[in-house]
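A.B. asks: In the order they appear, the protein sequences are chains A and B.
By this note's numbering, the letter at position 175 of the first sequence is numbered 175, and the numbering carries on one by one without gaps.
By this note's numbering, the letter at position 166 of the second sequence is numbered 166, and the numbering carries on one by one without gaps.
Among the hints, a few may not be true.
As the list makes no split between identical chains, a pair holds if one copy fits it or if it spans any two.
Here are the simulated lysine to aspartate or glutamate pairs, EDC-like style, with alpha carbons at most 16 Å apart [as the list claims (entries may be wrong)]: (1) K209 <-> D149; (2) K306 <-> E103; (3) K199 <-> E268; (4) K80 <-> D102; (5) K302 <-> E103; (6) K284 <-> E105.
Bear in mind the hints are in silico, worked out from the structure with no lab data behind them.
2 protein chains.
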Amino acid sequence: MKIIATKENLLTGIQTVQKAISNKNTIPILSGIYMKAKNNKLYFAATDLEIGIECKVPVQVLEEGEIVIPARHFSELVRKLPNTKITFTYLPEIIGLNIQYDEAEVDLKGWLGEEFPVIPDLEEEYCFEMDVNLLRNMIKQTIFATAVDDSRPIFTGALFEIEGNGLNIVTTDTHRLALRTGKINTSYDKGLNVIVPGKTLSEVSRIAKEEELIKIKGNYNQISFETEEARIISRIIDGKFPNYRQVIPQEYKTFVKTKTRAFQEIIERANLFTNEKDGTSIIKVSISDGLLQVSSKSQIGKVEEKLPIYVEGESIEISFNAKYLLDALKVIDSEDLNITLTGSLSPGIIKPGNHENFIYLILPLRTV
Amino acid sequence: MKIIATKENLLTGIQTVQKAISNKNTIPILSGIYMKAKNNKLYFAATDLEIGIECKVPVQVLEEGEIVIPARHFSELVRKLPNTKITFTYLPEIIGLNIQYDEAEVDLKGWLGEEFPVIPDLEEEYCFEMDVNLLRNMIKQTIFATAVDDSRPIFTGALFEIEGNGLNIVTTDTHRLALRTGKINTSYDKGLNVIVPGKTLSEVSRIAKEEELIKIKGNYNQISFETEEARIISRIIDGKFPNYRQVIPQEYKTFVKTKTRAFQEIIERANLFTNEKDGTSIIKVSISDGLLQVSSKSQIGKVEEKLPIYVEGESIEISFNAKYLLDALKVIDSEDLNITLTGSLSPGIIKPGNHENFIYLILPLRTV
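Just chain A, same shape as in the assembly (with noise of 0.2 Å):
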């Protein structure tokens, strides 16, 4: 293997693979990054058995061949080069990189390319394509709610479901539950429902960079999501995910329409205000005719705003976790903001207030 490549080429391998490094040291290869020289592209990728990510960049390969550099050194020192050119070669008697630049010489030891476990091929079952920023967009706006907490696996991830050629994105800890809906470039007859991990989800939003299209495709054990130049492919988490649909109201008997930023700041200064020690942000929204209220208390003091608003039906007291109310606010780009509110024991829904592709539930507290 002998490359000649820039650093800025080198640095964008190294950045989109390196997130599926593996962090635990049982097996070493894994902390090590995989290149491969072939047809003037160096194929880069990492991999923790969980998730794997390659891609590929231009450079020029004057001797095809394949090796396994630690990721951390080698990302450290790539970082640091000069912007000149950089020339790798392979060297058996260390199974290591001789790098050179300008008038110096690293030698960098790794491990054998052939004992990298390969990142398989899928058995394709289903496969469709989409604008990458939508996908980003639609992973953006449920992501949150998914639960860090793994004792039920199912809720770390996010329910990806195809009807006709609309995606569903579905996450849930419980506590709350956001749906996102999204136009696929193919229409797909087949149906599709499977939960893809949180963190590859993280990932694909990372590497998706201004490419137009990417390509989902995979099984009901793996999936995989492929722009031009970089892939990412996951484990799917095992089993069913709960019926979302019937935990969403359809009807409602109090109506708001707000201001999103108003809203969303008023709900950050009362959260200032809830008991911090058992990790419950109890703030208490009070809707009247042309008025949302909104109040909180802790040891510290107390806080009382007052927000006019549009309001059909009827007047409620219903009390929030400020944190879940704030997750969604956060990601709503709208100006106007839709709350439907069925009573003070009941759900509410918070949608943009200019279209329907996003949905988020949220269950209220009982106050005493």
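Once you've looked at the hints, dock chain B against the given chain A.
C.D. replies: This is chain B only, laid out in the frame that chain A set:
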């Protein structure tokens, strides 16, 4: 106490004093910010009894008064306030503040202003003024060489020493020493020799903004740094700073002139291949006719770089702790760098190429 203030002025006050707020919970009132309304100014003060910071901002005072408010909650609240008129009213029934803005009210509990420890006026045994940007630069070029470990307190501070109208700031952790000299605007005959805590100097750098002059005064127990709007008072570290002049070699056998950034980058890369486990990052520097070579090795690999330089005098091989070299290189602004050496076991001296106001001494490492 009743005032009308802007969010911006309140934030300025809070941010200026907050680093002096005690993190320890032993005396609750010290976790608060003292505020006094008088003469259309709001005075802020905070102290952990080692360092005190005061400042004032313009407000509209409707009724004079004072209070102490929990710092963390108050600063989070102010940060989240809308950009509107904010009215503070003292609430004697809860010993706290009522804060009004737009359609909202916050009640925040505090402590009586009179219970806050007064930051004293200093008995003045010395007093001088200097350019605030110069002082900030002098601090930046010396503070990194103070000791982190406080087993010998004098090394956690910086020596302030006046000779004529020059101020010397000197720091050392016994492995290296930084000396920066700058002009003061007041001629001062009596000499000065005090050790100022490193933490105090970080704060001085932080609060000193674009003002032209800073006044430094105090005695041999306490020192204060005053700008137009803010004041820091700090204890002096008790003890005698070592005679640093006798450790700085006056002669040399090897003189090197090189480019600061190129040398820094080479050392940064060499630092990647040092043995991290024992905490010393040994790199070897070889100087011969017209050439500087830097090399290092670890279990992972090795690096060897060459840099063309200007050399006078003897060839030499010497080893340094790369981290100590980098600390100094990062704060040297000049394009060129002078290095003088007197042998493999004698300290090396680094100076900026264009002036004599900064000297950095670094002890070599013995290598087997």
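A.B. asks: Would you mind marking each hint as holding or not holding in the structure?
C.D. replies: Hints and how they fare:
1. In this assembly of identical chains, the alpha carbons of K209 and D149 never lie at most 16 Å apart, being 30 Å within a copy and 46 Å across copies at closest.
2. In this homomeric assembly, K306 and E103 come within 16 Å of each other (Cα to Cα) only across copies, at 5 Å, whereas the closest approach inside a single copy is 68 Å.
3. In this homomeric assembly, K199 and E268 never come within 16 Å of each other (Cα to Cα): the closest approach is 27 Å inside a single copy and 33 Å across copies.
4. In the homo-oligomer, the alpha carbons of K80 and D102 lie at most 16 Å apart inside one protomer (13 Å), although the nearest pairing across protomers, at 51 Å, exceeds that limit.
5. Within a single copy, K302 and E103 get their C-alpha atoms only as close as 66 Å, which misses the 16 Å cut-off; across copies the closest is 15 Å, which meets it.
6. In the homo-oligomer, the alpha carbons of K284 and E105 lie at most 16 Å apart only across protomers (15 Å), although the nearest pairing inside one protomer, at 65 Å, exceeds that limit.
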